[in-house]
Structures are given as structure tokens and as C-alpha cells.
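Peer 1: Using the sequences plus the hints, can you model the full thing?
Each chain, letter by letter, is given below.
Number of protein chains: 6
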Amino acid sequence: METKLTHLDKNDNPTIVDVSAKQVTYRTATAQSIVVLPDEVLQHLVNGELQTKKGAVFQTAIIAGIMAAKKTGDLIPLCHPLGMDNCQVTIQMSANNEVVITCTASITAKTGIEMEALVGASMAALTVYDMCKAMSHDIVIKETRLISKTGGKHDFNRS
Amino acid sequence: METKLTHLDKNDNPTIVDVSAKQVTYRTATAQSIVVLPDEVLQHLVNGELQTKKGAVFQTAIIAGIMAAKKTGDLIPLCHPLGMDNCQVTIQMSANNEVVITCTASITAKTGIEMEALVGASMAALTVYDMCKAMSHDIVIKETRLISKTGGKHDFNRS
Amino acid sequence: METKLTHLDKNDNPTIVDVSAKQVTYRTATAQSIVVLPDEVLQHLVNGELQTKKGAVFQTAIIAGIMAAKKTGDLIPLCHPLGMDNCQVTIQMSANNEVVITCTASITAKTGIEMEALVGASMAALTVYDMCKAMSHDIVIKETRLISKTGGKHDFNRS
Amino acid sequence: METKLTHLDKNDNPTIVDVSAKQVTYRTATAQSIVVLPDEVLQHLVNGELQTKKGAVFQTAIIAGIMAAKKTGDLIPLCHPLGMDNCQVTIQMSANNEVVITCTASITAKTGIEMEALVGASMAALTVYDMCKAMSHDIVIKETRLISKTGGKHDFNRS
Amino acid sequence: METKLTHLDKNDNPTIVDVSAKQVTYRTATAQSIVVLPDEVLQHLVNGELQTKKGAVFQTAIIAGIMAAKKTGDLIPLCHPLGMDNCQVTIQMSANNEVVITCTASITAKTGIEMEALVGASMAALTVYDMCKAMSHDIVIKETRLISKTGGKHDFNRS
Amino acid sequence: METKLTHLDKNDNPTIVDVSAKQVTYRTATAQSIVVLPDEVLQHLVNGELQTKKGAVFQTAIIAGIMAAKKTGDLIPLCHPLGMDNCQVTIQMSANNEVVITCTASITAKTGIEMEALVGASMAALTVYDMCKAMSHDIVIKETRLISKTGGKHDFNRS
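Residue numbers (the working numbering), protein chains in the order written: chain A, 1 to 159; chain B, 1 to 159; chain C, 1 to 159; chain D, 1 to 159; chain E, 1 to 159; chain F, 1 to 159.
No lab work stands behind these hints, which were simulated from the structure alone. Errors might be hidden in some of the hints.
Since the list can't tell identical chains apart, any single copy or any two copies may satisfy a pair.
DMTMM-like, lysine to aspartate or glutamate: derived pairs with alpha carbons at most 20 Å apart [claimed, not checked]:
#, residue 1, residue 2
1, LYS53, ASP12
2, LYS110, ASP18
3, LYS53, ASP18
4, LYS153, ASP138
5, LYS53, GLU40
Peer 2: Listed below in C-alpha cells is the structure:
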């Protein structure tokens, strides 16, 4: 981890990090978003899938998450444009009826893929919101965070 | 609010809501994301702006939020493609040192703009994450939610 | 229908049609693509849905079709950029086991929406192809065409 | 070719295929779309190019095909985002006056490029449609299919 | 014209201009880019079109300009996302052998379309550059500017 | 440099250059755009940054330039879709009060990155224009050109 940022230029303008000299390594990242649905939405949960007027929610959200993860370089200004070797989005109900969205991405490249995992989880969460919002505005994306990453300078694993 | 979704077709396929017959009205929405930064990041906060190796964080995040809000129809599968009359993103530190991101969007159209506000706030939050992640992976987007909306069937105001 | 194109300039360069002076009317269009699957793919059809290693095919193709229809102005060089009031994609097996994809779009605008319907049907068809191609390369998109349109200079209905 | 898909999970959600462990090889693919034009359009064919109010048709369609092929990862939900080493679109009139559009793409990567070739051919075909539609709605994209591919697990060549 | 910007907040963050209360009017804008080509490129000019290894230059540049103008809201951070009623790009050789690219756009909306005209002219100019760069790196886009605009608070006409 | 383009096919259609057989090398490019602002805009220059109603100009323009450079393959029809290892945009006032925008990009690939540098510089320049246009329409992008490139067949350095 960097602990000091010395010699900051007073204009301190936005800049991409130069990765020209970095090693190409296999890198993975997993991120998670948790969506809390009120009872008026949860009552439409049938066999682990929310059935709404706009269609089956989780399957649509999974596709939205994968497609958004592929657009990360377009959305986050200082992210490098990257391909992806893999991107999985899974959605499960937790024991206390929260919607747990997990996005795992991997690539063999000079820079990591955690933003792709975070964008994928967030956009899947927002798609759940969109498809349920006709039933309630009291839907909250309770938390979005990185769960683990491998292959960069330091591995990370939230314990 | 809809309270029952009866007669769901067993295939229950994804579908956009037909707004052909809806009234064109002036509509607004405000959404909020809150980002929690650990101390190793917060120490770089100077005069209300985080100064990092990638540049001034909040100003970059504001632009990312506005640009992402404009792409909402591309990101959320069943959102209508819409223009926008206005989109403001503001970022402030709360009393307990959390980063509070607020996105307000407005339009004169047949359908509302709450997903634009939510996408704008979320992408600004993820941009804060991206620009600070070299300093810590323990950054959490604590909460993303709608604050208010006006101009549709029902106004909403989180109290 | 235009029957003569006289006075063509020899450079004859690409140009958008100026619709400034046209009436805003309610316009709809329906297009259809038909995909023919070989037996090694058809055997995976269960309860009207193809189950593959990449997931449920038709539901994914419906979302791809809707999302692509929204991007029509980005894909077809001389199409006007338009919103949409509605976009429905349906997929059904015909009596002779062909996959029939229908896309209907509508808008209240100065120009029609048939390209949106055609792009939506085509991209849904290509998504069916993509999800089944690990099982056979002998998948053919047999036909893509306009079925009907209303609201412009002339209505059209394929009989 | 896969012949059985056993152990399908009942939720059977959409997923990208993980290509992390695959070999980087040189891969090519060629796809074809055929457009059938009615006589009222064909009469505008001069020296192998259709001259219309919207401009020279085939040259515009070639550019549309190449540009769309580059967007394949954005359009087909479960396609990997890929670069391309080459993309050629050619358009010729067949002996029986059909418009034959051929798109060939190549890449050195872990996964193939047949969807890029198919998207390129399809979007060029839809652009021909768009530029001729003021003259007739009875234009049909008669057939879109893969012609050949090399460099993956199995080569394919339609005979 | 604004002549003073007083009371600027010290954070002075980026913001879209709120056009909610503005009148919907018919608006047009014309912009121009001029490209200067060295002799080793100019010798490939035949009948008013540059013939290169990458294809006919001006026709490709016209399409690139129109397609880029449609993406203006995606490219310029604080531009409103707008449709367009019309967009024309023309390219002519001037008396002194410079390439003069003119882009005219129009819309009926609450805000103007001059950025669309400027983006269209600039991207057409950069496409000329791209298609000729194998012949020389000494190609200069000499000047890009607004020529005229109508329909907003003040008309403008460069004399 | 190519000096003759012989054997041009009469249809001379647009085509991407096939780079399959080219070497992967480290490549860089630097481009520059110069914007001339009239006095009514220049008076808002404070500490090297233009302060306007739309926010701080240069910082916004830098982000716009980087984000546009990443979209080059989407904008320039016959450019290869490429990633980037690095992209820096800097903006400085020259001695005679012109805005000098420099964009440097680098990549390790089979083809060069000069179009990315030129698109980045041009879009940053157009963003300066957009943010200042409420103060004057007499803003001119005086010149856009390549400054240097390395790593391809021939290095180039404007002296």
C-alpha cells in the first residue's frame, strides 16, 4: 500500500497510471453488492427468482452485470481499457432474505480487474432495483465492496 | 404501488414497459451513494478534496457520474433511452467523515429518471473507489438509494 | 414510394434525411428473424427454452435484442438517434421447429422506428447463434424482414 | 462438438465461458449475409453500386459492417471483449442479382471471432436495408450464416 | 454573452447547465475543419476523391463525421444528450488545395447543437488523417471553428 | 512512407489494414491541439485554470480527452480496436496565451496509437470549447497535429 503521496503538483490533474513496464500476470477479482428488498417486493420471490411485470429479475440482472463489466473502461475515467477472460455474476438470497450479488472477473494482463468486478456487481444491483421499483421505492443497495483479488502486487482477501 | 402480480406467464420474459400512452410531465429524481474511506485514504483529504496519484478525486468522480447518468439506457436493460434536461452531482464529506455523493437529474418526458440518478451516484462512488484503491482495498460503498422523486404517478420523499 | 432518383450528384455522398419539417406522429414497426437450428441443438429444447452451457438462450436473446434496438442510431450510419416508447421481443418455436423472433418498437417522433425493430430482431437472432454455437456451426439465420409499420407516410403490412 | 449437456443447474443462469486456460492462437472467421432487393430498388444499381437519396449504398454498408464488428462484445451479451487484427467486408452482386455481403475477421487470441464476422455481415446487410427502404419495404435479408472458421478446437468449412 | 462570472464557489465543480425552463426552438449549427495535406498525399487525389490503400477517403470521413456527431453527448462531458433532425457533412477541396470539411446539424430542442457540428467536423478531419497517415505524418488539421448558429439566445454568423 | 498506390481496384472500398503478421512492439505517440480564446474568455483564467459557470475547464477537458482516446476504435472507422498502457493529457497556457493541449498514449501492440493521441487532444480541445462557449463563439481550435511517434516502421519527430 502507498502510505504517502509526496510532491503533489499543485494542479494535480487526472491521469491514468502508466502500466507499460508492468508484468503480464493472471489476475482475478471478486466483488459483492447486497440489495435489501422490502416485503412488498419479497412476496414475489418464487423458487429463488423474483417474478415481476418486467420479467424474471435475477437472470436479467446477471446479464446486465456481465455487459456492464465489459464497459468498465468506458465508465470509470482513469481505468485502462481491458479485455476479460472470464466474468461470472451470481445472485442468491441470504439467510435473512437479502439479495447477494457476486461478480468475479479474470484476465491475463498488466493491470488488475477489480473495477470490472465492482462495476458488474453494482450494475446487476441497479438492474434488480429497476425491475422492482414499480413495487416499492424503498429498495436499498446496502453495500458494495471488494471481496478478494489475486495476481497483482498484493493479494487481498476480506476475512 | 402495485401489490399483486397475477397471471404471470410461465415464460415471464423481460420486457420494457410501454409508455406510449403516458403523459409528458416534468420529472426529477435525487439519489445518494455513501462511500466509507479508511484512515490511510482520509489523511489525503485537503480542503475538502482528496489528492491522489491519479489526480483530484471528487472532481473526476463528478464528471464520471454525469457521463454515466447519460448512458443509463445503455446499461440498465429495460430502461427507456431518455435525454436529460439537467444532471447535478455533488460530493461532500459528512460530519463523520463519510463521502456523500448526491445525483439529481430532471427531464420532461413520459417516464421518470430515477435510474439515471442512481447510476450517476453509483458510478461517481465507484470512481472515488478507483482513484483511492492504490491506498487501500478496504473502501466500502456503504449505501446507494433513492432520496426523492417528483412528477410521476406518485411523488416519493425519503424522510 | 420513390420511383426515380434523378439529379444524383456524381459524388453522391452519404447523408441523413432532414426530418426537421416532418410531423411528430405515433409510429410502430414489427420485424422478424427466423433461426434454423440443427437437431444436435434442438434436443436441448426443454419446455420451450433452450438450456445450454451458457445459460437459458431465449431469455438472454430477448434482453440482447432490446438493448441492441436502443443502440440502433449508433450502429446504422444514417439512422436518426431516437428514443423509444416501447420495445418488445418475443421468441417462439414454430410448428416446424424454427425459432421465430419478433421485435416490435414504437415511438412518437418525426421519423419511423423500423430499423430499431430490425436491429432488435437481428441481434436477438445472433445471440441465439452465439449461445448455441458450441453445439453446432450449422445454425442459419434464415430470414430477417419487416412485418409491418404504421404512422409514417405509408403504412405497410406484409400479407 | 458437445453432444450432451448434463447436470444443468435448475437456475441455469447466463454465463461467459472461462477462457483463462485456453491457448492464444491465430483465429479467423468468415460469415455471409444475402440481401434480396425488389426491382424498384435494383433499377438504381449503376456500375456495381446502388445510388440512392441517402448516398452510395455498398460503401456505407461496408463501413457500418466493420464498425459494428468492432462493437460485438457490446452487443452479444456473453461474447468476450476482443480486439481484431483484421476485418474485411466485401459486397458483390450475385449472378441472380442478390447482394452478397461477406465479412472476414481475424485475431490472435484465446477465443474465436465468428460472432464478429456474423455481426459485421448482419449490420452491413441492415445498412443496405436502411439506405434502400425509402424505395421499398419488401427488402429481405435472406440468409446469414458462418462460411468458415480456423484456429479454434475444430476448423469449419461450409461445403 | 456573459461578461462576468462572479461568486464562483471555490470548489467550482463541473456541472451541466439546467435547461428545464428553456423554450423548445428549432436550432441549427454549422462548423468547419480544414485539413492540410502534403504533396505526397495530394498526388492521390483523383476526381475530387483521395484514393488510398484504406479506401476512398472523403466518403468514409463523411460517415465517420455523422456517426461521431450522434455520439456528442457521450464524448463531451457536460453536453446534454440530444437527438438530431439533420446532420450533413460535406468535404471539398479549396482553391489552394486544402480539404474543407463542413458539418451542419439541426434539432428542435431546448438547447443548441453546435457541439454536434464541431464534433462531426473534427472526427471527419481525423478520419481523413487516419486514412492518409501511411503516406505522411505531416498532415495538419489547420483549424476547427463554428461558422454559424441559429435558434438560441443569440444567432451567430462568422463574417 | 508509401509513395505509390498502384493497382487500385475501381470500387476502392474501405478496409482495415491487416496487422496479423506484424510484430508486437512498444509504441508511443504524442499529439497536440492548440485552442485560441478571445479576451472575454481569457479574463476568467485564474492560477492557470479557467473558472466558468460549467466548472473548472482544464481538469474536465483532461478527463474528456483520456476517455475519448479510449474510444478511438469506436470513432475512427478503420482504426483497430486497441487497449492502452498509458494516456496522459496535459494543458498549459503558452507564452502568448494560447491553450496548448498535449496527449501522449502508449501501448505494446501490433499497430500504433497515434490516432488515440490525436482523438484525445482533439476532444480535450472541444471540451474547452464547450465549457467556454457561453462566453464567446469566437473560440478557434487553431491546429491539431502529431508531434512524435515511436515503435512502428519509422519513428517520427516534428522538429
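Peer 1: Next, verify each hint and record whether it holds.
Peer 2: Do the hints match the structure? See the list:
no.	hint	result
1	LYS53 x ASP12	between (48 Å within a copy, 8 Å between copies)
2	LYS110 x ASP18	both (10 Å within a copy, 19 Å between copies)
3	LYS53 x ASP18	between (47 Å within a copy, 11 Å between copies)
4	LYS153 x ASP138	between (40 Å within a copy, 16 Å between copies)
5	LYS53 x GLU40	within (14 Å within a copy, 34 Å between copies)
Hint violations for this structure: none, all hints satisfied.
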